[in-house]
Amino acid sequence: MTKRTRADEELDDFGRFAEPALLILISLADGPKHGYAMTEDIATVADVRLGPGTLYGALTRLESRGLIERLDSEDRRNPYKLTALGERALRARLASMQAVARIGQRRLAGA
Amino acid sequence: MSASRSSLSAALIRLYPREWRVRYGDEMAHVLAEQPTTMRLVFDLLAGAIDAWMYPQSSAGAAGATASKGETAVTKLLTYCQPHEITSAEYNRSVVWMLGTTVVLSGIFLALRRALGDNILVDAFGVSTFPVAVLVSSWATYFKRYSKTARVAIIAGLGAIVFFLSLGAESLGRAF
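So the protein sequences, as listed, match chains A and B.
For the first sequence, the working numbering assigns the number 1 to the initial residue and increments by one for each residue that follows.
For the second sequence, the working numbering assigns the number 1 to the initial residue and increments by one for each residue that follows.
The set of hints was computed from the structure by calculation and includes no laboratory data.
Cβ atoms here follow ideal geometry from the backbone N, Cα and C, with glycine treated the same way.
A few of these clues could be false.
Which stretches of chain B does chain A cover? Using the computed rule of at least three CB atoms under 8 Å from a CB of chain A, they are [claimed, not checked]:
| no. | region |
| --- | --- |
| 1 | 15 to 29 |
| 2 | 47 to 53 |
| 3 | 127 to 135 |
Chain A on its own, in the form it takes in the complex (with noise of 0.2 Å):
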């Protein structure tokens, strides 16, 4: 069984949010976006594409567990940017999410 962090643990009780959580995440995780700059990424690398409802769902949760925080701008279109604690919590998730797909991986070779 692999080992959970404390960081992975942030990513809990997102519900049928957890899923755009993350992907907001990894969105997040090379630069400062904006809802329809993530949505367009997202739909890009993952051929997900979150309707604004979904979007902005699992933005309002990341942003008060202060995993992402909101940025200034001129215009209307804020753009949010991972916070250290978003980027811990994103590692230590991907990192669980690699161990069981390697764990799912090498049992599949050896069926």
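Given the coordinates of chain A, work out where chain B should sit on it, guided by the hints.
Below, chain B without anything else, positioned relative to chain A:
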């Protein structure tokens, strides 16, 4: 964006709580302006609005400190009614209580039915078993914020209402 699309977007955003709109409304309007209005998008926004009302503390985001200024009676009520800090163990216990109470009440119903035969009061009791079991199972979850006395009063009161509604329905069913 056409005027009709713009007004539809504005109407959908208005479904969100006020403090949510103050913080995210403009941003979301921009995101909406960049994509076609489809049924999927409308449903997504409706689900998002329900979520924002049900979980206002997460909707307020980092603006939580100022949220109380824009708090409406409805958001206060919803915040008050939603279950806080219910652990998995409490949920599991409530399921056990619900099943246990259903079994016990159903047993009592069957015993009464056998003893008293066709009786409108017994039938109303039978109909009430599951709703009452749900009420009892909320002891340690939805009602846990209340004192023991208040919880007994709430469960007994709501249970009595359920019973009398069942009795009314049984009476109507027998009359027609």
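Right, here's what the structure says about each hint:
no. : hint       : result
1   : 15 to 29   : holds (count 6)
2   : 47 to 53   : holds (count 5)
3   : 127 to 135 : violated (count 0)
The structure shown violates just one earlier hint, number 3.
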